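Colleague: What follows is the residue order along each chain.
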Amino acid sequence: MTELLEVSRLGKRFGGFVALENITLSVRPGERLGLIGPNGSGKSTLVNCICGTLRHEAGSVSFDGHVLNGSTAHQRTRRGLARTFQLPRPFVSLTLADNLRIPLVYAVAARGGHHSSHDIEDRCVALLREVGLESKARRLPRELTQVEMRKLELARAMAAEPKLLIADESMAGLTHSEVEEILALLMRLNAHGVTIILIEHIMRAVMSFSQRLVVLVSGRKIADGDPAAVVRDPDVERAYLGQ
Amino acid sequence: MRSGAFLLVCLIVGSLVYAAAIGLGNDYYFFAGYVVLQYIVLATAWNILGGYCGYVNFGSAAFFALGAYSTVFMHRFYPVPIPFLVAIGGVVSGVVGFGMGYLTLRLRGAFFAIATLALAVVLQTLIVNWDYVGGSRGAYIVRPESIAPFGSYIKYLFLIMMLLAIGSITVARLIERSRLGFGFATIRDDEMAAEASGVPTLRLKLIATTISGALMGMAGAPFPYYIGYLQPSSAFGLDYAVNSIAMPLIGGTTSWVGPLIGAILLGSLQQIATVTISSAVNLLIVGFLLVGFVIVAPNGIVGLVHKYIQHRPEDLVGRRRVSADAPETAP
Chain A
1 MTELLEVSRL GKRFGGFVAL ENITLSVRPG ERLGLIGPNG SGKSTLVNCI
51 CGTLRHEAGS VSFDGHVLNG STAHQRTRRG LARTFQLPRP FVSLTLADNL
101 RIPLVYAVAA RGGHHSSHDI EDRCVALLRE VGLESKARRL PRELTQVEMR
151 KLELARAMAA EPKLLIADES MAGLTHSEVE EILALLMRLN AHGVTIILIE
201 HIMRAVMSFS QRLVVLVSGR KIADGDPAAV VRDPDVERAY LGQ
Chain B
244 MRSGAFLLVC LIVGSLVYAA AIGLGNDYYF FAGYVVLQYI VLATAWNILG
294 GYCGYVNFGS AAFFALGAYS TVFMHRFYPV PIPFLVAIGG VVSGVVGFGM
344 GYLTLRLRGA FFAIATLALA VVLQTLIVNW DYVGGSRGAY IVRPESIAPF
394 GSYIKYLFLI MMLLAIGSIT VARLIERSRL GFGFATIRDD EMAAEASGVP
444 TLRLKLIATT ISGALMGMAG APFPYYIGYL QPSSAFGLDY AVNSIAMPLI
494 GGTTSWVGPL IGAILLGSLQ QIATVTISSA VNLLIVGFLL VGFVIVAPNG
544 IVGLVHKYIQ HRPEDLVGRR RVSADAPETA P
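Quick note, the sequences are listed as chains A and B, same order. According to the working numbering, the stretch in the first sequence is residues 1 to 243, in order. According to the working numbering, the stretch in the second sequence is residues 244 to 574, in order.
Treat the hints as calculated values from the structure; they're not laboratory data. Watch out, some of these pointers could steer you wrong.
Distance windows between CB atoms, simulated [what the hints assert, rightly or not]:
| hint | chain 1 | residue 1 | chain 2 | residue 2 | range |
| --- | --- | --- | --- | --- | --- |
| 1 | A | Met-203 | B | Ala-353 | 19 to 29 angstroms |
| 2 | B | Leu-527 | A | Phe-17 | 44 to 54 angstroms |
| 3 | A | Val-67 | B | Leu-527 | 35 to 45 angstroms |
| 4 | B | Phe-354 | A | Glu-143 | 46 to 56 angstroms |
| 5 | A | Tyr-240 | B | Val-365 | 54 to 64 angstroms |
| 6 | A | Gln-211 | B | Lys-550 | 29 to 39 angstroms |
| 7 | A | Met-207 | B | Ile-552 | 31 to 41 angstroms |
| 8 | B | Ile-552 | A | Val-92 | 46 to 56 angstroms |
| 9 | A | Phe-17 | B | Asp-374 | 51 to 61 angstroms |
| 10 | A | Ser-71 | B | Leu-406 | 42 to 52 angstroms |
| 11 | A | Gln-211 | B | Val-365 | 29 to 39 angstroms |
| 12 | A | Ala-58 | B | Leu-406 | 52 to 62 angstroms |
| 13 | B | Ala-361 | A | Glu-143 | 15 to 25 angstroms |
Treat the numbers as computed from the prediction; the structure is a model and nothing was measured. Glycine included, every Cβ here is placed at the ideal spot set by N, Cα and C.
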């Protein structure tokens, strides 16, 4: 099967600090991939390089058969590569419905979907219903709780109708039941055919969600495979627990 | 209200204002009104980049002066009627706005603001050293005493500025309610999230700098005919830079109404102060009001109004219309 995302020998430096070194990674269509690693291991930098927020110095990123090197973040989103941010970044002056309207108007419409304003309105309402925020469509993001903010972030990424969604620590700071809610949401999304990369520190969530697990440590990939086998890998144990 | 209907209402209001000024029977009201209208255009133009996109432009005076000096240049090179001069001023300032955007829009916050200030200094230096448009000694533009069918020439200038003000308000309102306006709002709120949502932020910022610059240039184009003697210090005056920022901030930056209210309020106050006290206190008034509003109403007058009508989520102005299908919720 053709890979949806192919990262080949990716490298990124910040001055003298090597943030990513020779990262090679591929993701199949419809797959649920978990990406873990200690703080500072380069997970978010990798996401930023894949999504075009940061420019990488070495290697290449291909998505859906297109080489993305040099393309901007909005061009990648329009190709079907969406992301959430580690800390939610809503459009604070826009209502929840309008927050979702942005990707629908700019990303989806650019590839020929949802042309009429009525279509867009319907889709906004459907997405808010999907994440349980329909009743707050006219509210501003500042009126939301932490979990609602995470849901809005996910809903906005979903509004771009992505082929691949990268969820960067979407469950950080949430309670057990809230984590379950977000997991269920991601599973439903995956069931609709969306490929998902989940970056998370909550191992219970990662293990129950992922079909495959990749581990980054100090900007290098040290493991890639079946989640149960990866967490028993001595290198991974050493990285998390020390010698 | 649809844009056509809005334009019609503006034209009716404009006609009433014009008729009222004639009814007062004193040309001074046209001179004073011209300045207020000019500030409406400048404040609205500034707000398209500064308010909608969140990019603070300290170089308003440079764009205004470019429009004014385009007129001086054309007056010497090939004299044409004022409406054409307005168009030429708009094109020149729009092109410079585009260029400035291209060169500086990768800068953000204070760095962008300083770059726009530097642009004003560079342009003023160029004008001061360009003899063809008068250089440092300035240029005289002798306007005719009268023009048919308006009577005195100031009435004609007033009418042109009135149409420009109506045009700029209509453009700003149109942008605010369009896909472009939503894109601008995302740039103001969070540029990285905007890119991640598919918004081409760089292209939108270029559109904003071009439209904003063009409108400022159009406001400056009739100025040499108004003032009669144009020198770099008057065209690049601090008043324009300060007022075009202060007026939207006092009125409110998230809506087209804010700059309009701010320009009418501050512009009128300054005109009253000019004839009752001295024009020297104009910037003092702006300073006091700006400090007062920053403390009491940081979101301007429009923000204050919002605060009092928060029980209506579909606000009268500023906050955007959302799905009609979504159920009504208590705030």
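Colleague: Against this structure, judge whether each hint is valid.
Modeller: Each hint, compared with the structure:
Between Met-203(A) and Ala-353(B) the CB atoms are about 43 angstroms apart, so this pair departs from the stated range of 19 to 29 angstroms. Look at Leu-527(B) against Phe-17(A): about 51 angstroms separates their beta carbons, and that is inside 44 to 54 angstroms. Distance hint check for Val-67(A) and Leu-527(B): the Cβ-Cβ separation is about 60 angstroms, which falls outside the suggested range of 35 to 45 angstroms. For the pair Phe-354(B) and Glu-143(A), the supplied restraint of 46 to 56 angstroms is violated, since their beta-carbon distance comes to about 33 angstroms.
In this structure the hint that Tyr-240(A) and Val-365(B) lie 54 to 64 angstroms apart at CB holds, the actual value being about 56 angstroms. Our hint of 29 to 39 angstroms for Gln-211(A) and Lys-550(B) is violated, since their Cβ atoms are close to 51 angstroms apart. In this structure the hint that Met-207(A) and Ile-552(B) lie 31 to 41 angstroms apart at CB is violated, the actual value being about 50 angstroms. Take Ile-552(B) and Val-92(A): their Cβ atoms lie about 19 angstroms apart, and the range 46 to 56 angstroms is violated.
Evaluation of the 51 to 61 angstroms hint for Phe-17(A) and Asp-374(B) yields a pass: the beta carbon distance comes to about 55 angstroms. Checked against the given bound of 42 to 52 angstroms, the beta carbons of Ser-71(A) and Leu-406(B), roughly 43 angstroms apart, stay inside it. Hint check: Gln-211(A) to Val-365(B), Cβ distance near 59 angstroms, so the stated range 29 to 39 angstroms is violated. Between Ala-58(A) and Leu-406(B) the C-beta distance comes to about 57 angstroms, which sits within the given range of 52 to 62 angstroms.
Distance hint check for Ala-361(B) and Glu-143(A): the Cβ-Cβ separation is about 41 angstroms, which falls outside the suggested range of 15 to 25 angstroms.
In summary, the structure is inconsistent with hints 1, 3, 4, 6, 7, 8, 11 and 13 from the numbered list given earlier, while agreeing with the others.
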